[in-house]
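Chemist: The task is simple: from the sequences and hints, build the whole structure.
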Amino acid sequence: MISDAAIWTVVVGLAVATYAIRISFLGLLAGRELPAGVMRALALVPVTVLPALVAPMVFEFSAPDGLDPAKIAASAAALGLGLATRNVLAAMAGGIAGYVLVALAL
Amino acid sequence: MDGTATLPARTAARRGLRRGLVATLPLLLGVAPFGMVFGVIARETGLDLVQTMVMTVTVIAGAAQIASLQLLSDGAPALVAVFAGAVVNLRMAMYSASLAVWWTEVPMRVRAIAAAVLHDQSFALSVRAYRENPAMPTAERVGFYAGVGLLTASTWTVATLVGATVGGRLLAEIDLGFIVPVTFLAVVAPMMRDRVSALAAAVAAVLGLAFAPLPYGLGLLLATAGGIAVGLAAGRGTGGE
Chain G
2 MISDAAIWTV VVGLAVATYA IRISFLGLLA GRELPAGVMR ALALVPVTVL
52 PALVAPMVFE FSAPDGLDPA KIAASAAALG LGLATRNVLA AMAGGIAGYV
102 LVALAL
Chain R
4 MDGTATLPAR TAARRGLRRG LVATLPLLLG VAPFGMVFGV IARETGLDLV
54 QTMVMTVTVI AGAAQIASLQ LLSDGAPALV AVFAGAVVNL RMAMYSASLA
104 VWWTEVPMRV RAIAAAVLHD QSFALSVRAY RENPAMPTAE RVGFYAGVGL
154 LTASTWTVAT LVGATVGGRL LAEIDLGFIV PVTFLAVVAP MMRDRVSALA
204 AAVAAVLGLA FAPLPYGLGL LLATAGGIAV GLAAGRGTGG E
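Top to bottom, those sequences are chains G and R. Reminder that position 76 of the first sequence reads as 77 in this note's numbering, one-by-one numbering, no gaps. Reminder that position 140 of the second sequence reads as 143 in this note's numbering, one-by-one numbering, no gaps.
To be clear, the hints were calculated from the coordinates, so they are not data collected in a lab. Please note that the accuracy of each hint is not assured.
If you want the footprint, here are the derived chain G segments under chain R, 3+ residues with CB under 8 Å [stated by the list, open to error]: (1) 55 to 61; (2) 83 to 90.
Label-pair restraints from in silico Cβ distances [said to hold, decoys possible]: (3) R:THR14 with G:LEU102: 49 to 55 Å; (4) R:VAL104 with G:ASP5: 40 to 46 Å; (5) R:VAL169 with G:GLY28: 37 to 43 Å; (6) R:ALA138 with G:ALA77: 43 to 49 Å; (7) G:ALA64 with R:ARG196: 29 to 35 Å; (8) R:ARG17 with G:LEU102: 37 to 43 Å; (9) R:ALA127 with G:ALA64: 23 to 29 Å; (10) G:GLY32 with R:THR14: 27 to 33 Å; (11) R:THR14 with G:VAL101: 48 to 54 Å; (12) G:SER4 with R:VAL169: 23 to 29 Å; (13) R:THR14 with G:ASP5: 28 to 34 Å; (14) R:LEU28 with G:VAL101: 25 to 31 Å; (15) G:VAL39 with R:GLY49: 23 to 29 Å.
Ideal Cβ positions, reconstructed from N, Cα and C, are used throughout, including at glycine.
Modeler: Following this line, the structure appears as structure tokens:
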């Protein structure tokens with residue numbers, strides 16, 4: 002059970018931090034240009050932070066029941082369809098379908 | 004644009020708003036299910052309806068919202084969860100900088116309000132429209148952005164509400180442990196447009212796995228930094244993306 006205080010800290014903290022990031026170059030930092038290297042690094046943030054988060058969730062070696070083949074299949078389907086179609090919705094549908102198929106087969 | 008909106012400015016703003024709304028329609032197919040997934044995950048994590056809705060309305064960034072709740076439910080301290088969510092949203096600094104180039108004549112109070120709905124869709128559609136029509140008046144630029152921002156944010160909010168209220172009952176029988184990685188992969192895979200970003204993503208995933216035993220947040224930070232460093236080095240080696 003997560004405490005109410007922790008939840009509100011996350012809700013308010015993330016809202017404030019996100020607004021600060023959003024207003025940054027439109028507001029306080031307006032007129033300043035980001036160096037090209039920083040822009041390139043920021044462009045790589047989503048494609049690195051999300052895989053770094055996901056990998057330990059998919060390959061959860063410490064899980065009591067060991068690796069979950071259905072979860073791995075679902076993730077592979079979402080990744081493959083996302084790469085092939087460039088469509089978020091298709092990738093999500095494929096991932097869910099992959100999970101259901103493997104879970105039923107086992 | 005001066006303080007008193009002249010008639011042509013108002014017409015331009017309205018035209019922009021209409022175009023922004025129309026341009027957004029196809030994207031709602033992606034926004035709505037994602038919002039419902041967040042609603043379900045938030046309630047499963049232990050947020051009540053008020054907390055879920057306050058978060059979804061003030062943050063409006065699905066991946067960050069889910070990432071921070073995931074860390075929280077794994078037992079990470081609240082501030083670490085906030086930090087992880089903020090890292091996911093750092094890309095918006097880039098959006099902010101890109102938009103500012105087109106908004107030099109937009110007053111600060113308009114920017115302060117507009118920033119609240121700056122996210123992937125409002126940035127991408129707006130900058131694309133501005134580039135296609137560089138002569139677009141400032142009022143129409145702001146109108147277009149407002150159309151995208153308002154429609155995506157309101158769809159996002161309603162979808163979260165649906166997920167948070169009836170979604171859990173529909174999905175009660177299913178173990179939802181797989182939905183978070185599937186959601187993240189579905190968001191990130193279409194972004195891997197070139198070899199540099201695919202390489203950076205692969206390095207970050209391997210490092211994320213290797214550093215998983217480290218305390219919360221630290222492994223994520225190191226893995227992200229490692230992926231970015233390899234991506235930047237590879238980008239230099241091939242002369243850009």
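Chemist: Does each hint fit the structure? Answer for all of them.
Modeler: A quick look at each hint next to the structure:
1. Residues of the region 55 to 61 of chain G with a Cβ under 8 Å from some Cβ of chain R number 6, which satisfies the need for three, so the listed coverage holds.
2. Coverage of the region 83 to 90 of chain G by chain R holds [criterion: at least 3 residues with CB-CB distance below 8 Å; count 7].
3. Separation of THR14 (chain R) from LEU102 (chain G) is about 54 Å and conforms to the stated range, judged on CB atoms against 49 to 55 Å.
4. At roughly 42 Å, the beta-carbon separation of VAL104 (chain R) and ASP5 (chain G) lies within the given 40 to 46 Å, and the hint holds.
5. VAL169 (chain R) and GLY28 (chain G) have their C-beta atoms about 39 Å apart, which keeps the hinted 37 to 43 Å range intact.
6. For ALA138 (chain R) and ALA77 (chain G), the Cβ-Cβ distance of about 47 Å falls inside the hinted range of 43 to 49 Å, so the restraint holds.
7. A hinted range of 29 to 35 Å for the beta carbons of ALA64 (chain G) and ARG196 (chain R) is consistent with their spacing of about 33 Å.
8. A beta carbon spacing of about 49 Å between ARG17 (chain R) and LEU102 (chain G) contradicts the range 37 to 43 Å that was offered as a hint.
9. Separated by about 37 Å at the C-beta atoms, ALA127 (chain R) and ALA64 (chain G) break the suggested range of 23 to 29 Å.
10. Under the hint 27 to 33 Å, the C-beta atoms of GLY32 (chain G) and THR14 (chain R), about 29 Å apart, fit the expected range.
11. As the Cβ distance of THR14 (chain R) to VAL101 (chain G) is approximately 51 Å, the hint placing it in 48 to 54 Å holds.
12. For SER4 (chain G) and VAL169 (chain R), the hinted distance range of 23 to 29 Å is satisfied, since their beta carbons lie about 27 Å from each other.
13. About 49 Å separates the C-beta atoms of THR14 (chain R) and ASP5 (chain G), a value inconsistent with the hinted range of 28 to 34 Å.
14. In this structure the supplied range 25 to 31 Å holds for LEU28 (chain R) paired with VAL101 (chain G), their Cβ-Cβ distance being about 29 Å.
15. Separation of VAL39 (chain G) from GLY49 (chain R) is about 37 Å and departs from the stated range, judged on CB atoms against 23 to 29 Å.
Checked against the numbered hints given earlier, the structure breaks hints 8, 9, 13 and 15 and satisfies all the rest.
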